[in-house]
Amino acid sequence: MFSLKYLPHKEPDEKVIFCLHRHGFVLFTIAMAFLIFALLPLGAYFLVTVELVPFIDSEILKIFLRLLVFVFYLFWWMLFYYAFLDYYLDVWIVTNYRIIGVEQKGLFNRTVAEYKLFRIQDVMAEQKGIFSTVVDYGNIHVQTAGEQELVEFKQVANPNYIARELIRLVEFNKHKMNQSADKKDKNESKTI
Amino acid sequence: MEIPTFIFLIAFLLMAACFVIFSLFLLYHAIRFGVASWVNVFTIVIYMAGAALIFLAAYRYIASVDWSQAIKIL
Numbered sequence: 003m004f005s006l007k008y009l010p011h012k013e014p015d016e017k018v019i020f021c022l023h024r025h026g027f028v029l030f031t032i033a034m035a036f037l038i039f040a041l042l043p044l045g046a047y048f049l050v051t052v053e054l055v056p057f058i059d060s061e062i063l064k065i066f067l068r069l070l071v072f073v074f075y076l077f078w079w080m081l082f083y084y085a086f087l088d089y090y091l092d093v094w095i096v097t098n099y100r101i102i103g104v105e106q107k108g109l110f111n112r113t114v115a116e117y118k119l120f121r122i123q124d125v126m127a128e129q130k131g132i133f134s135t136v137v138d139y140g141n142i143h144v145q146t147a148g149e150q151e152l153v154e155f156k157q158v159a160n161p162n163y164i165a166r167e168l169i170r171l172v173e174f175n176k177h178k179m180n181q182s183a184d185k186k187d188k189n190e191s192k193t194i
Numbered sequence: 014m015e016i017p018t019f020i021f022l023i024a025f026l027l028m029a030a031c032f033v034i035f036s037l038f039l040l041y042h043a044i045r046f047g048v049a050s051w052v053n054v055f056t057i058v059i060y061m062a063g064a065a066l067i068f069l070a071a072y073r074y075i076a077s078v079d080w081s082q083a084i085k086i087l
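Respectively, the protein sequence lines represent chains U and D.
Mapping of the first sequence onto our numbering: residues 3 to 194, in sequence order.
Mapping of the second sequence onto our numbering: residues 14 to 87, in sequence order.
FYI, nobody ran anything at the bench for these hints, they're computed from the structure.
Check before you lean on any hint, since a few could be wrong.
Straight-line Cα separation of at most 20 Å, SDA-like style, residue types lysine to any residue; simulated pairs [stated by the list, open to error]:
#1 U:Lys17 to D:Val48
#2 U:Lys107 to D:Phe46
#3 U:Lys107 to D:Arg45
#4 U:Lys156 to D:Val48
#5 U:Lys64 to D:Phe38
#6 U:Lys64 to D:Ala49
#7 U:Lys107 to D:Ile44
#8 U:Lys12 to D:Val48
#9 U:Lys107 to D:Phe38
#10 U:Lys64 to D:Tyr72
#11 D:Lys85 to U:Leu63
#12 U:Lys176 to U:Asp15
#13 U:Lys178 to U:Arg166
#14 U:Lys64 to D:Ile20
#15 U:Lys64 to D:Phe46
#16 U:Lys17 to D:Ala49
#17 U:Lys64 to D:Trp80
#18 U:Lys64 to D:Ile84
Produce the complete structure using the sequences and hints provided.
Here's what the structure looks like:
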């Protein structure tokens with residue numbers, strides 16, 4: 003596991019401002035879908051006991067069906083955890099210097115990218131649909147000056163607030179860089 | 014011709030082995046790439062407990078079955 007206290011190549015005065023995951027409502031919708039899926043064996047059981055009793059009189063067939071139900075629930079549980087990991091392992095860490103985007107795209111397929119704040123020009127927050135508007139989650143698109151999308155924060159909570167704070171951090175970061183560049187120029191001119 | 018019923022048990026055990034292998038991959042991802050927080054640890058524990066419950070229920074049923082029965086084909 004990685005800790006937020008020990009980020010790679012951490013600057014001395016670097017602080018984590020946001021650690022963003024997808025909104026919990028997204029996990030809730032996934033959980034509801036899996037819950038409905040979990041009721042399938044119960045529905046099949048009622049169908050079998052009401053409609054197919056004459057055909058399922060064999061003890062051997064009952065053993066087979068019960069083992070099938072256990073296998074079904076084992077794989078259901080595994081797929082549920084897989085869906086949870088696919089949701090949970092996507093994380094976007096915003097510090098006062100950079101954005102670290104970690105995206106899990108299935109098993110053994112992971113992208114970790116780092117974006118310096120001074121490269122960012124545009125930040126766009128997007129909320130589409132009734133649930134994302136009511137629950138307040140959405141996507142944030144971060145672009146460079148050349149309209150090249152650097153990173154997309156997917157289905158994060160309070161996207162408008164996060165976008166505003168990102169812009170504030172970018173402007174502060176650029177101002178700080180300009181100040182240190184000015185100081186460096188002054189020092190160089192003094193030595194000459 | 015008769016086929017023993019424990020062929021179903023062997024098939025079940027094979028599927029259980031696939032489940033265990035895939036679960037190891039999932040737990041590897043959770044432990045290696047997850048954020049170090051109580052949420053991650055809690056979900057790992059819940060997953061293992063859920064799997065253990067399903068295996069326990071399966072074991073209790075399997076222990077109650079007479080596997081010496083045979084399926085008559087012809």
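Straight-line alpha-carbon gap U:Lys17 to D:Val48, limit 20 Å: 16 Å, holds
Given hint D:Ile84 paired with U:Lys64 - CA-CA distance at most 20 Å: 12 Å, holds
20 Å limit on alpha-carbon distance, applied to hinted pair U:Lys64 and D:Ala49: 45 Å, violated
Straight-line alpha-carbon gap U:Lys64 to D:Tyr72, limit 20 Å: 16 Å, holds
U:Lys17 paired with D:Ala49 [C-alpha distance capped at 20 Å]: 17 Å, holds
Pairwise hint evaluation, D:Val48 against U:Lys12, where the allowed Cα distance is 20 Å at most: Judged against 20 Å, a Cα distance of about 17 Å means the pair holds.
Agreement of U:Lys156 and D:Val48 with the hint, judged by alpha carbon distance not exceeding 20 Å: Given that 20 Å is the threshold and the Cα spacing comes to 18 Å, the pair holds.
Given hint D:Ile44 paired with U:Lys107 - CA-CA distance at most 20 Å: 17 Å, holds
Agreement of U:Lys107 and D:Phe38 with the hint, judged by alpha carbon distance not exceeding 20 Å: Holds, because 14 Å separates the two Cα atoms, which is no more than 20 Å.
Restraint check for U:Lys64 with D:Phe38, where alpha carbons must lie at most 20 Å apart: Roughly 33 Å separates the two Cα atoms, so the pair is violated.
U:Lys107 paired with D:Arg45 [C-alpha distance capped at 20 Å]: 15 Å, holds
Pair hint outcome, U:Lys64 versus D:Trp80 [Cα-Cα no greater than 20 Å]: 13 Å, holds
In summary, the numbered hints that this structure violates are 5, 6, 15.
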